[in-house]
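> Spelled out from the first residue to the last, the chains are:
2 protein chains.
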Amino acid sequence: MSSPVSRSSSEGNVTRLRTGADLNLPQRFAHRAEMMKASEIRSLFAVASRPEIVSLAGGMPNLSALPMDMMAGVVEKLIASNGAEALQYGSGQGHPKLREQICEMMALEGIKAHPDDVVVTTGSQQALDLISRIFIDPGDVVLVEAPSYVGALGTFKQYEASVVHVAMDEDGLIPEALRNAIAEVQARGQKIKFLYLIPNYQNPAGVLLPAERRTEILEICQKEKIFVVEDNPYGLLGFDKPSPNAMRASDSENVIYLGSFSKTIAPGFRVGWALVPPSLKEKLVIASESSILCPSNFTQLAISGYLADQPWRDQIASFCKLYKVRRDAMLESLDAHFPKSATWTKPGGGFYVWVTLPPEIDTTALMPKAIVAKVAFVPGTAFYADGFGSWSMRLSYCHPTPERIREGVKALGGVIKTEMEIREIQ
Amino acid sequence: MSSPVSRSSSEGNVTRLRTGADLNLPQRFAHRAEMMKASEIRSLFAVASRPEIVSLAGGMPNLSALPMDMMAGVVEKLIASNGAEALQYGSGQGHPKLREQICEMMALEGIKAHPDDVVVTTGSQQALDLISRIFIDPGDVVLVEAPSYVGALGTFKQYEASVVHVAMDEDGLIPEALRNAIAEVQARGQKIKFLYLIPNYQNPAGVLLPAERRTEILEICQKEKIFVVEDNPYGLLGFDKPSPNAMRASDSENVIYLGSFSKTIAPGFRVGWALVPPSLKEKLVIASESSILCPSNFTQLAISGYLADQPWRDQIASFCKLYKVRRDAMLESLDAHFPKSATWTKPGGGFYVWVTLPPEIDTTALMPKAIVAKVAFVPGTAFYADGFGSWSMRLSYCHPTPERIREGVKALGGVIKTEMEIREIQ
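The listed protein sequences derive, respectively, from chains A and B.
Taking numbering that gives the first Met the number 0, the leading residue of the first sequence gets 0, the next gets one more, and so forth.
Taking numbering that gives the first Met the number 0, the leading residue of the second sequence gets 0, the next gets one more, and so forth.
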């Protein structure tokens with residue numbers, strides 16, 4: 000497309016027809032804007048959301064067990080009785096009442112915290128953004144699990160971090176691999192700013208970090224003066240037994256803990272939080288005010304009212320039940336329909352199963368074929384900053400019905416088997 | 000404060016007693032974190048919020064004319080009838096229905112826009128943050144009015160911009176001063192990324208940019224390839240006559256328009272937006288997803304439902320009436336109680352009056368005396384990036400009752416007159 004620069008100065012009007020090319024846009028952007036490019040996961044979601052496709056791609060929680068009538072009552076009462084506060088600007092740090100309730104909730108995972116050290120954010124994604132803002136200069140190293148949450152990788156990239164992946168196994172991050180990664184980065188003379196990890200029912204791998212490894216990793220990071228960013232959206236969504244204590248429970252000075260109501264209650268409120276060492280609190284609040292002024296009083300007080308008046312523990316228990324049935328459906332169908340040479344994780348909670356195929360299979364190239372077979376997933380490379388993961392995929396069981404999950408896994412197993420036959424893989 | 004590094008490794012526990020100093024925190028932060036320091040305005044707000052103080056400091060809208068019962072009904076109905084959507088993750092760009100309604104609202108100021116070019120943000124502060132993220136490399140110049148919005152200055156600072164103020168008079172930004180500022184910056188070899196301005200009832204100056212200046216400024220910026228960031232929270236809050244067409248109405252390629260429901264409806268929803276040239280849309284959405292994943296479906300749909308079902312034009316008209324009475328109370332009391340050597344702007348809308356005192360008066364030093372006299376304001380230096388403004392102050396009339404405004408202005412006039420007597424200023 001091209002269009003002339005036209006200026007009808009006689010009318011006092013101004014140009015309307017210029018294009019991005021005319022404007023020399025790339026030279027006008029900040030350097031970091033080069034990182035702001037549509038990812039493969041983006042175009043995928045557009046297709047995967049069509050109703051005829053079984054989406055094993057998204058991480059949308061299943062809200063069918065949320066008591067909508069109760070919630071409607073909570074928000075109606077909130078505005079009618081306290082609208083002047085709920086609809087006004089609030090504290091940049093977050094509402095004091097909700098920060099207290101957040102501390103009560105974190106106590107379920109062994110955390111002793113003071114509401115003063117909690118900063119409420121617009122989903123925990125904003126906390127990730129703010130932490131990155133405070134710590135990352137271009138070229139600084141962030142250590143992450145291999146694979147790791149796609150949204151965190153995107154944020155680290157925008158802050159021009161150098162992301163270094165650390166190997167995992169079925170018990171999560173491997174401490175020895177962490178030691179080696181630190182030594183290698185230090186040998187290159189790079190600064191490590193923090194280790195980002197999801198200890199419970201990791202996204203995308205679905206694995207759980209056992210208590211002993213938590214202690215060992217904390218000790219390594221303390222010794223090396225590397226902050227630990229513990230992202231814990233799924234900790235209360237264990238199906239079989241409670242998850243171990245949060246890492247923050249045994250280290251209040253070196254752990255930055257991120258929590259969220261998106262998976263335990265609902266994501267539409269966009270309420271998450273960071274629990275930070277006191278030494279970081281002021282900077283985090285100032286960074287957040289610069290970013291959004293303050294989180295929504297309305298959504299904070301809606302959650303606060305819900306936590307105060309409704310049986311939220313029972314509701315989370317009913318979420319666990321709902322997800323467990325779906326997890327079981329997925330694992331059974333994987334056993335039934337996936338080739339013998341594929342392996343996958345067996346999550347004890349959360350939303351995700353991580354599947355590893357024979358290395359000859361490129362899961363990104365497989366996607367169009369899967370879509371034709373009416374099933375969608377996320378290709379493994381989305382969860383790596385370095386192009387790795389091409390023969391793996393993330394399957395999520397959180398949203399579809401168990402029947403649809405079975406249908407989708409069966410269809411996907413067929414697509415994979417056909418691909419293996421074509422490529423003569425055993 | 001100091002405390003020993005203690006480690007009880009025999010229990011497998013980890014250190015709890017280290018301090019920020021032990022951690023060498025300054026070396027661990029990003030360079031931009033140096034800018035994240037508490038401002039004078041921050042400690043001020045803590046004091047100004049005490050009930051015995053007449054606060055002419057804050058910019059909190061007055062929600063007494065908002066129909067809370069109607070709003071309570073809107074949110075109750077929203078969750079009861081559409082909770083599964085309202086409480087779920089939504090589009091990173093914002094809800095399509097609300098983006099349509101935003102376009103209808105902007106049409107009131109002469110803007111023809113397509114919903115595809117609207118990006119919904121967590122208040123327009125987030126839009127400011129994202130625009131900064133896309134454009135500002137450290138050292139890049141941002142041109143702003145003198146004085147300008149404190150929240151914008153804070154954001155530009157965090158992105159390590161070099162902020163250059165451009166002179167205003169009672170008709171807002173002076174085009175000739177803009178030409179000179181551009182020439183000076185270019186002579187220094189610095190890159191100008193955008194001009195940020197608030198054409199309607201400017202914060203903090205309260206002035207309005209006339210139509211002819213809008214055209215002239217747009218032409219200057221087009222010629223120099225400098226984007227115009229038009230921040231317009233107060234455009235619909237004109238008391239005496241409608242404000243001129245938005246700058247965006249006559250330039251869809253070079254103007255980034257920021258809008259907000261915070262002043263026209265309520266800030267507690269945290270819903271604002273950016274209307275951007277198509278060439279910027281994708282980067283803005285990706286930057287926003289990295290920052291917050293998506294804006295709250297719940298608050299977006301609450302506003303959408305309110306706009307669809309309730310007489311919001313009448314409500315905005317009742318806001319204008321309410322603020323006009325307060326503006327009149329403030330201007331009358333300024334006439335009655337401020338010294339003859341003080342001057343101030345006469346806003347035709349919005350929230351703020353900008354007062355200029357004799358240059359010997361330091362308004363920051365005046366604050367403790369004003370607090371003793373039970374009145375608060377914002378010292379002028381808060382609105383400059385360069386320490387200027389020490390003999391000016393922002394007074395806001397939006398929130399207190401007219402009686403309290405009169406009381407506060409009278410008390411403040413007394414404090415200023417006493418100060419002038421002490422300093423023997425005529």
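None of these hints come from the bench; they were simulated from the model.
Take these hints with a grain of salt, some might be off.
Copies of the same chain look alike in the list, so a pair counts if it fits in one copy or across any two.
[To be verified] Computed cross-link-like contacts, BS3-like style, restricted to lysine-lysine with a CA-CA straight-line distance of at most 27 Å: (1) Lys-36 with Lys-280; (2) Lys-240 with Lys-224; (3) Lys-368 with Lys-190; (4) Lys-240 with Lys-96; (5) Lys-320 with Lys-36; (6) Lys-416 with Lys-96; (7) Lys-240 with Lys-416; (8) Lys-409 with Lys-339; (9) Lys-96 with Lys-76; (10) Lys-36 with Lys-224; (11) Lys-409 with Lys-76; (12) Lys-111 with Lys-96; (13) Lys-36 with Lys-96; (14) Lys-345 with Lys-323; (15) Lys-76 with Lys-240; (16) Lys-368 with Lys-224; (17) Lys-345 with Lys-240.
This one's a predicted model, so the numbers in the text were calculated from it and none came from an experiment.
> Take the hints in turn and mark each one as holding or not.
Each hint, compared with the structure:
1. With identical chains, the CA atoms of Lys-36 and Lys-280 are at most 27 Å apart between copies only, with a shortest distance of 11 Å across copies and 32 Å within one.
2. Taking identical chains as interchangeable, the C-alpha atoms of Lys-240 and Lys-224 are never at most 27 Å apart, the minima being 33 Å within one chain and 61 Å between chains.
3. When the C-alpha separation of Lys-368 and Lys-190 is checked against a cutoff of 27 Å, the pair qualifies neither within a copy, at 43 Å, nor between copies, at 48 Å.
4. For the identical chains of this complex, Lys-240 and Lys-96 are neighbours neither inside a copy (30 Å) nor across copies (43 Å), given an alpha-carbon limit of 27 Å.
5. Proximity of Lys-320 to Lys-36 under the C-alpha cut-off of 27 Å is found in neither arrangement, the shortest distances being 38 Å within a copy and 46 Å between copies.
6. In this homomeric assembly, Lys-416 and Lys-96 never come within 27 Å of each other (Cα to Cα): the closest approach is 54 Å inside a single copy and 43 Å across copies.
7. For the identical chains of this complex, Lys-240 and Lys-416 are neighbours neither inside a copy (35 Å) nor across copies (71 Å), given an alpha-carbon limit of 27 Å.
8. Taking identical chains as interchangeable, the C-alpha atoms of Lys-409 and Lys-339 lie at most 27 Å apart only when both belong to the same chain, with a minimum of 14 Å there against 84 Å between chains.
9. In this homomeric assembly, Lys-96 and Lys-76 come within 27 Å of each other (Cα to Cα) both inside a single copy, at 17 Å, and across copies, at 26 Å.
10. Taking the closest pair of Cα atoms, Lys-36 and Lys-224 come within 27 Å of each other only across two copies (23 Å); inside a single copy the shortest separation is 33 Å, beyond that limit.
11. For the identical chains of this complex, Lys-409 and Lys-76 are neighbours neither inside a copy (47 Å) nor across copies (40 Å), given an alpha-carbon limit of 27 Å.
12. With identical chains, the CA atoms of Lys-111 and Lys-96 are at most 27 Å apart within one copy only, with a shortest distance of 17 Å there and 43 Å across copies.
13. Proximity of Lys-36 and Lys-96 under a CA criterion of 27 Å is satisfied inter-copy only: 25 Å between copies versus 39 Å inside one chain copy.
14. With identical chains, the CA atoms of Lys-345 and Lys-323 are at most 27 Å apart within one copy only, with a shortest distance of 11 Å there and 64 Å across copies.
15. Neither within a single protomer nor between protomers do Lys-76 and Lys-240 lie at most 27 Å apart by alpha-carbon distance, with minima of 36 Å and 38 Å respectively.
16. In this assembly of identical chains, the alpha carbons of Lys-368 and Lys-224 never lie at most 27 Å apart, being 47 Å within a copy and 46 Å across copies at closest.
17. Taking identical chains as interchangeable, the C-alpha atoms of Lys-345 and Lys-240 lie at most 27 Å apart only when both belong to the same chain, with a minimum of 14 Å there against 66 Å between chains.
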